[in-house]
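Asks: As they're listed, the protein sequences go chains B and A.
Okay, so the first sequence: first residue is 1208 according to our numbering, each after it adds one.
Okay, so the second sequence: first residue is 13 according to our numbering, each after it adds one.
Hint data in this document are derived by calculation from the structure and do not stem from the laboratory.
Some hints could be false.
Dumping the calculated DSSO-like pairs for lysine-lysine here, alpha-carbon to alpha-carbon at most 27 Å [what the hints assert, rightly or not]:
1. Lys-175/A - Lys-164/A
2. Lys-175/A - Lys-1393/B
3. Lys-42/A - Lys-1413/B
4. Lys-53/A - Lys-1413/B
5. Lys-1493/B - Lys-1447/B
6. Lys-1413/B - Lys-1453/B
7. Lys-1413/B - Lys-46/A
8. Lys-1393/B - Lys-53/A
9. Lys-1393/B - Lys-1453/B
10. Lys-175/A - Lys-1539/B
11. Lys-175/A - Lys-1496/B
Note that this is a predicted model, so its numbers are computed, not measured.
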Amino acid sequence: MTPPSETMQASKEVQLWVGPQHPGIPGNMSMQIWVEGDTIKRGITHVGYLHRAFEKLIERRNFYQTFPLVCRICVPEPDTNEYLLAAAIEELAGISDQIPERAQWIRTLVMELSRLGALLMVVGGQAGGVGLGAAPNWMVALRDYVLDLFEELTGGRVYHMYIIYGGVRRDLPEGFEARVEEVLEKIEERLPTIDNLIFESAVFRKRTMGVGVIPKEWADQTALTGPVVRGMGIPRDVRKDYPYLKYPELDFDVVTEDGSDIYARALVRRREIDQAIDLIRQILAKMPKDGPVSTRTGNMLRWQVPAGQTYVRAEATRGEFGYFIVTDGTDKIRRFHVRGPSYVHGVSLLERMLPGLNISDMYPLMGSLQVCPPEIER
Amino acid sequence: MSYIPTAEERESGACRLSYRTREEERVGLKHVLKPFSAWLKAFSAPYTVPIQETLRQASDNYRGWHVNQIDACTGCGNCADICMNVAIDMVPVVETTKKDTGLRPRIDYGRCCWCGLCVDICATGSLGLSDSYVWIDSDADSFRYTPGQDAKPWDESQRGWRKQRKQKAKEAA
């Protein structure tokens, strides 16, 4: 189709570039939109501002050298990436059944802690998208407590580089469980105030209820996952559908909401904060108190993994996250592919939803789809 | 490439449909007043940390600037081999007490990503990451240095990311 700017419609429609330097854009990407008055007629997602060629870089490094790279594919929640790389390579190397029990519990704990941190940030971010200022600041302050825990456990606040082939890099520090509990109590104590600020607020309700509605038949057409699809009332969760780590032993229900709009997606995430807090408590109670946290793999410099291919998946905050990995028997990965939920939500779905939307509703919509550009252009 | 809406979708706008009833969407006086309850927080103690005059101490496991016990180091070069960013060069040092390669790792902080693989692979456990994380200098070249040989304030630091085997032995002793 000829772009509207080259046809007679050019006088009627205005073409706008939003981002990459724009407070409403969720990262290093930009939107090219055509508007008529306040109404968006058509939009295209542009990425490429963050292209670091993760996939190709990883194919040039040996197995241990790849692992500090993957956490950069999603900054707010890096541990899903670390787990997936470790799980895939362990499966190909045939050592997945040798991972110590305690290491698997620690991995589950780290995944839930990082989910909690990421959810706190994104719920605040969604409120920021409609112009509420205080809530995002308070949520990020709460996330900082979670980052403190990560600093103590892994040595890094944002890039943890903690889950490694064969287990995890370090055991839990002494008294860590008690400090996790302290942080959870702090967060729980402050959440009701934040609920009043966001979900009970007239501004947020007016701006998000019935706005950015995804028709329910699109769920399978565009392969939606995560809070986006759970906000449509469909209980789709990798932790339940394809259980991994210790999730089968934990007691939780998939959170769903019926509205299918921005408010429903925010509410799903808010309820998942409660779920993550509950899961962390369950994990701490069920975790074996001591034991090894890693098993031996090959030489760090010359470890070779037999030829094969695999696809592993995990539930990230944004949806199903998957790695497809091919090895050819050498010390390097032959092909590495990231299946990020943001590609689906940020390109296929967002471009399909934009026509007919008011321009000021675009930012809450993008926030509610939780687009993370590095996953799109990996 | 990108999704092009059909004429029908353009006219109707798929996003105009709603699964909510009017009753659910209703906004009452309650929703106008409730957010103001946040003002009650003005009377409670703040839970953010005030800006401190001294630096916050990093955790025991923190991955900060490198330290190296230059006498224990044998100059094998494993750290340079594992470094995925090629941040480590093996350079000759002025004097060593032992008969070894005579080389010691020099770290280029323009490239380092503080993953700590060099520490985990170190056979002698001499290389480590300290808990120190602040360093200001106007000379960019000074951010490439040989830990242990070029004196730094954090050389004596016992905290930070160290090789686990050594840590365990220390605890046993």
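Asks: Now tell me, hint by hint, if it's right for this structure.
Replies: Cross-check of the supplied hints:
no., hint, result
1, Lys-175/A - Lys-164/A, "21 Å, holds"
2, Lys-175/A - Lys-1393/B, "33 Å, violated"
3, Lys-42/A - Lys-1413/B, "13 Å, holds"
4, Lys-53/A - Lys-1413/B, "25 Å, holds"
5, Lys-1493/B - Lys-1447/B, "19 Å, holds"
6, Lys-1413/B - Lys-1453/B, "40 Å, violated"
7, Lys-1413/B - Lys-46/A, "15 Å, holds"
8, Lys-1393/B - Lys-53/A, "14 Å, holds"
9, Lys-1393/B - Lys-1453/B, "26 Å, holds"
10, Lys-175/A - Lys-1539/B, "25 Å, holds"
11, Lys-175/A - Lys-1496/B, "23 Å, holds"
Of the numbered hints listed earlier, those contradicted by the structure are 2, 6.
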